Amino acid sequence: MTIEAPVLLPADEAAPPPRPALIQGDKSPADVTRDICKPIERRAGALWWAGFLTALAALAFGIWSVTYQFMTGIGTWGLNRTVGWGFAITNFVFWVGIGHAGTLISAVLLLFRQKWRTSINRSAEAMTIFAVICAGLFPLIHMGRPWLAYWVFPYPNFRGPLWVNWRSALLWDVFAIGTYFTISLVFWYIGLIPDLATVRDRASGLRKKIFGFLSFGWDGSARTWSRYEMACMLLAALATPLVVSVHSVVSTDFATSVVPGWHTTVLPPYFVIGAVFSGFGMVLTLMLIARKVMGLEDYITRRHIHAMCKVLVFTGSIVGLAYTTELFVAWYSGSAYERFAFNNRMFGAAGWAYWIMVACNVVAPQLLWLRRVRNSLVAIFAISIVVNIGMWFERFVIIVTSLQRDYLPSTWAGYAPSLVECGEMVGSFGLFFTLFLLFCRFFPMISMFEIKTVLEPTEGHGADSEGEA
Amino acid sequence: MQRRLHVGMFEREGDLMRAARECRERSLPIVDAYSPYPLHGIDPLIGIARSRLTLVCFLGGLAGLTIALFFQYWTSALDWPTNVGGKPYDSLPAFLPIAFEMTVLLAGLATAFALLARSRLWPGKRAPKELRGTTDNRYALVVAEESAELAPREMHDMFTRHGAVEAWEELE
Amino acid sequence: MKKHPRKTVLPPFEGTVLLPFEGTESSRRGFLQLVGFGIAGAAISGCSRGPTRHVVPALVPAEGVVPGRPYWIATTCGGCEAGCGVLAKCRDGRPIKLEGNPQHPVSSGGLCPAGQASVLTLYDSRRFEKPLRAGAAVEWEELDPALSAALGALRSGTGRVRLLTGTTNGPSTRTAIGHFLSSFGDARHVTYDGLSCAALLDAHEAAFGRRALPRMRFELARTIVSFDADFLSTWISPVEFTRGYSRGRMLEGDTPRMSMHYQLEGRMSLTGSCADERVRVAPHEEASLLAGLCDLLEVRAGATRRLAGAIESCPRRDVVERIAESLSDSGADSLVVAGSNDVEVQLYACYANHLLGAYGRTLDLDEPSQQRLGDDRALAALRDELAAGAVDVLIVAGANPAYDLPDLDLAAAGQLIVCAEAPDETTAIADWVAPLPHALESWGDAEPRAGVLSLTQPTVPPLRAGRTLRASLARWSEDGRSERELLREHWREAVWPSAQDPGTDFDAFFDAALERGFAQTRVQSGQAWTLSADAVRPTQPSAPAADALTVVLYPKAGVLDGRHAHNPWLQELPDPVTKITWDNYACISPVTAERLDLSEGDIARLEVEGDLAPLELPVHVQRGQDDRVVAVALGYGRLGTDRFADVGPDWIGARPTVAAGGVVGVNAATLVATTAAGLRGFQARSARLTGTGRSSELASTQEHHSLEVPAHLAPPGHEVRDKDIAPRATFEQWQADPATALHGRHHVSGEDLWKEDHAGRVRWGMTIDLARCTGCSACVVGCQAENNVAVVGKDEVRRHREMSWLRIDRYFQGEGDAVSTVHQPMMCQQCDHAPCEAVCPVLATVHSSEGLNQQVYNRCVGTRYCANTCPYKVRRFNWFDYEPIDPLQAAAFNPDVTVRSRGVMEKCSFCVQRIQEAKAEAKRDGRAVRDGEIQPACQQSCPADAITFGDLNDPESRVAVRATDARGYGVLEELNVRPSVRYLSRVDHGQEEDSHDH
Amino acid sequence: MSSRNANILCVCMLLFGALVLAQTTDVRLPGNNQGYEPEQPIAFSHRLHAGELAIDCMYCHFGAQTSRHAGVPPASVCMNCHSTVTAGYDAVLAEREAANDEGRDERRIISDELRKLYDALALDDELRPVAGAEPQRIEWVRVHDLPDYVYFDHRVHVARGLACETCHGPVQSMERVRQYSDLAMGWCVQCHRDQTVVVEGHPDEHASTDCAACHY
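Protein chains in written order, with the working numbering: chain V, 4 to 472; chain P, 315 to 486; chain L, 4 to 1001; chain G, 434 to 649.
Honestly, the hints are just simulated from the structure, not real lab data.
On a predicted model such as this, the values are computed, not experimentally measured, just so you know.
Just so you know, even glycine gets a beta-carbon here, dropped at the ideal spot from N, CA and C.
There may be inaccurate statements among the hints.
What the hints assert, rightly or not - With a straight-line cut-off of 20 Å between C-alpha atoms, the simulated EDC-like cross-links for lysine to aspartate or glutamate are: (1) LYS118/V with GLU44/V; (2) LYS118/V with GLU232/V; (3) LYS212/V with GLU444/P; (4) LYS118/V with GLU329/V; (5) LYS549/G with GLU559/G; (6) LYS295/V with ASP38/V; (7) LYS443/P with GLU483/P; (8) LYS549/G with ASP627/G; (9) LYS926/L with ASP627/G; (10) LYS211/V with GLU444/P; (11) LYS118/V with GLU341/V; (12) LYS758/L with ASP404/P.
Stated by the list, open to error - Covered by chain L, according to a simulated footprint, are these stretches of chain G (three or more residues, beta-carbon under 8 Å): (13) 570-582; (14) 588-599; (15) 613-627.
The following block holds chain V by itself, in its conformation from the complex (with noise of 0.2 Å):
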């Protein structure tokens, strides 16, 4: 049941704001309720069934690779004594890169208050959370003997008892990504309560059961949302340096090996501004899909896009520091393993993965400095494609070129991926798909109340309108 607030706003009189509003259409906070509480209270599309159907397919089989790969070995893919890791962990330090944007968004850009973030905070959020779920999968897949994968926790136990070892990077991601995943939940959570009240205000039924459970009886007081401010900062200030270390400790994965193309310095901050790139590059293909096919225009508008761009013009032209910085680097080393790492790396038999990943990271977000590739959605929607593509191929270029040619020449080895392989990963990108197109169908996908606070003033506050959100 919707109340229908009666329409007692004056015509705008206010002068035109310098720069184009935020949210277009003139919205009072009643249409922002509505607008927002409509993808979710109407029947789904038929856009969002052929998009959840094919994801749910991509999930299907994945979920048959990993049934086979478990029952069978991970022979079944196609690494071998030379290259230990291959997809699987690629695609982990894909997807955990993928969810920083999300962070970042709803993290760093609070506390720089940066108001444009909240038409698309919550969906990055969201996005963040369910990428750390398919990173966090393949670590598990990855194991020989996935069955006993809780031995990385620091459990009691009945064998001395024995315990984990610290000093390994992998138990470091272990707690980075669970800390990773804890806080972004609790963060994601802790946002979405005042609009599950808003939809259990709105709703009736089961549905109103529901969302009545799931909004913990939040009722806007002045008081909650004093302290609530305050935990968003905390939480905000937290996650901030958090989101930093987890990919620097995914970054030391590699950087505290001694494989030469892994055993460098620059990796942490190369890895977390890759990280930042390559998620905003997803968050930018999401919504863009997402306003078309949830009618959010006016929610996400051209300026959001823009200010995407910008991030993402910004941070791959720091991947491509960064890119030259690992070169310098090996030269400066001086040691003939760390320069040959990278002479083959570039000009090797996997010469093309490293070329496809400059083309994608460095060379194509430039093109973004021209106008007309901004006020191009397609362009930017192919651009946002590219670098997601061009962010996997870097990982996959820095973990597998690098263990193919390491010091023995002798063991030299190549990599191809087996079908097995292939379908866990489309299966993640199934299981990533689902996940969000079940959030944009069930929950608000845009936070209505902090929107509401962004709203272009409608009448003269005078001293009353100082305090922005």
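Based on the hints, put chains P, L and G in the right spot on chain V.
Chains P, L and G alone, transformed into the frame defined by chain V:
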């Protein structure tokens, strides 16, 4: 002792703020205000003190740091010292990443739980029905009256004067 | 789902000890029952309480045998005719590992890959369970009377009986054969060798009047010239020769020595890869080269010029002159050997040795070798007889002529009686098959060298129905004595009287011989051997058509002439030179490959002269091979190797090792030609090689064959990685400065960022002397047998998922004649600062207080992170569960080593089970472990004594002394991983390398 | 509000109850077979042999001194005594009395359990081999069964003077052998940490806590 609560329901943020300011001027204790989004500037009018969540967050983080560092040291150097790659038993630099993650984890969880506990929010809790509109586009102001010092329609009139679409009173 | 690695599919056999003597029917059944029980038990293990497990003690225990305690039985290896002495390590009544017998006069402790692997053949379920009559199983009780009757009928008449065997040097068997054949009017014993050395024996007959194979003493030779003789790998007695060769290249002690080794050959052999100077020659040039050499030696020796002017028509005169100079400098301390089966070539080699005075020094005719006795001319006579239908009964024993000798019409014999262990090409056409026992379950003897009598005794009651030839012949001559009695009687009558140390009591003598595994008899010495120089005549140079290739047929280490083709360990053993497994192939030089437009793995058609069916086989491009030669390995395409269709894991991407109904490799024995002299020629045919347009990926364990990195990727000055991985110096450089090879290596600071707080009392370490290592791969199979290393099949090897804990990295440098080769055994380096340990999240690989890099299978969750960070890439991951193809072969598992299940990492453990065993024994005796008491399987099997193991913290220990040698270095030690394996850099007489100093 | 409190109380009580139950009853993790006491094919009494008769453990389990496995004795070891002792003393006395009373020669009494041993060895009542009968193996049930990836060596522990009871418990008072210790890794390691070992010239060294001491 029973109090009378006067509730004014507004449709514009500014209306509520003006009503609240008047209450403040007339020293009428504002119990709370309900809004679809945080209202800035309302805290001093209601008399909400700065939240102590910061302290909770700090203590949570401190606990995480301490537990992580001690536990890693205890398991690696005291309980079962194991030679791992020739590294010292007490490999402090290697313990830092996990110490950091645990700091963030416990700080974040402590903050979140403190928020829920302090605001009395839990799964399945029922929200007051009367204020339903405040999660959409309405703003409610609740003013308490200790003893029947106000004229019966006085509060209602004041709320309406500031643009309230609804106003009522109830006994607590 | 299986939760934990399985130790073995057999229970620990508590108390089920079987006497190492002649088994009875019931005990054999009991053994097999237990094997069956064990497998059933393993299949259902893994639950928390698990099934009830039973302990089945023997009712009456065998004397001195305690369940779970290993014991050794000295016996003789049955892997080939070399007759190496072995100690069979037995546990709970069955042999699980063969080790070289250090006291044995022939092999002195080493054991070759084939010998190591022969223990697996014992547990081969293909072996005959019953005699066969025309392919149908019968009982011995049916076969014996029938054959006795048939043979008895021939005894009275004029029937022709022929016995065709491989080299049979066991005196008791030879006596039995002689006794058996003498009862017939027309009976003859024909001996042949699959890998014939008949020309060598015939040449000595022509030259010295006695058909004998001299004992070759490589340890005494200062200059060795080998014409295509692969004496370090497959030729006659490789273990003995390798030991001698390595003693001749001794850099320790007061008088370091380094023999000069020239190898002239067409293909690239393992021996050639070890040579100081290697010259590529085509087979048809060998005679001219040797004649030219003899010509020069005649001049130098001042002998009658029988070959005057031969040097003029010699193809590589410069080389021959250099060799002649070196040889005459060494005088009698020289050795010229030739692998050719051409009498002319062998005669020249004889003559050269004679001119040098090598007979009596490096060549001993007083104690001749009996490791090859085959006579190809007798074989040719048999062929004619068979063709004429003139053989009434042909008995074939311990040989597979239907495969080796495709031109022998066996079916033409009136009756074909075959004695064989397992089905083969010959038993398939036999009228009667009388099963032979495996060497590890039979009584027997061998005389590999005159005066050395090596005993064979059972280590397990017969698992199958086999009966030795000696016993069968006796039975068919109505002699009912048991095998042991037959052997003892022969020894009492023939051996004891001439024994070197007979004692007074025969029983004591025989028991002592059984305990040692051999006895030595007195041989006549000081006999004057005069060479009748008339046999030496000038050669007629021959040259085949310019563009034709000469086919060189050669045996591969392991499979040899095909007798071990059914052994999965040997099929998966990488060829020491090509590193290819599970196949034979046509080796051609890079130049030839380019000329013929063929590349690695292309399937080519090999058309040979004569009306022989062409062979289609994949091409392998081999550096250092002569451009006019195509080399193909013998021993492949064997019947019954279709058993390997099932080897390896079964999954959707699996490609079978052999197609259904197919066999491993291609049979090249059809290309063996019979030369004009009646000898079998292994390099006699010329051929053409053409591409078919198809290709098939060869299963090679090494993809990049050189220490050279691709030029366009190499940082300047680092085009070759030899300095950090395998540095090398010449003997002269070494004499001037023993550390020459190590100059210009990376600086190794050895500094730590932290204080070392883990010093242990003991630090196990190993040294590997690359100046001694020949790359023979005995250690690889020894390790596999000791540590239950799985066989994974061809497809998995192609995918670089071989499981071997110990591999031999082989690097070539240079091209053509200038190819130099490094063989570098590579296993876990047990680094003190192991990169693998730091990365394991669950502490599944940590360092022990004794310096071992431990891998705990049951803790491993299989992240493979450790393998990624291992700079040596020696960690092996269980991609699947690998089941043995033959369930019975699970009995060969070492019960002291966990069998790893899928999903866990494994690697060399320095044979920690042996360390633990030695420590336990030392504790029981209340003493410390003695230096040398612990020998890992690789060290034990090494014929070249290249590997030393021990406590590096004990300055007196042999390993500590070797580790401090000036040649010592750690591979990649500049990474500061502190490997516990120290390599001693290679020293040889090869080309001097310019040491690039930094 | 009160119903919520009641819910919380219920959960707390349940948790407490579970805790108490875990403490008082013998709750073990999967894989822990402490207390396993299977029935054996022959009701051999360790209480009688090791306790009353005080036969040394090593007399039967001779492998413990020289081998990894202590071993279950072969039937021939039983026959060292049981070729003469064929029944319990009480039964023999009763037969003697009965024989006295009835004025006949004593008969050889064979107890039911020993009958099984003789049957296995294919011996008749006079302990002579039965013609044509094959001896049968006795399938004892294994009590102390370590996982396959653990290598425990009896000989080292016996050589160091460790008493059998330390791990196997008071076997001399057990009618049927029971697994006394939990044999978990923590139990092994605890002892290895406390125990010192004397090695020539290196007096106080702990028993090894290296992984490879047991796992290889």
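key: Those earlier numbered hints the structure runs against, lowest number first   = 1, 4, 8, 11 and 15
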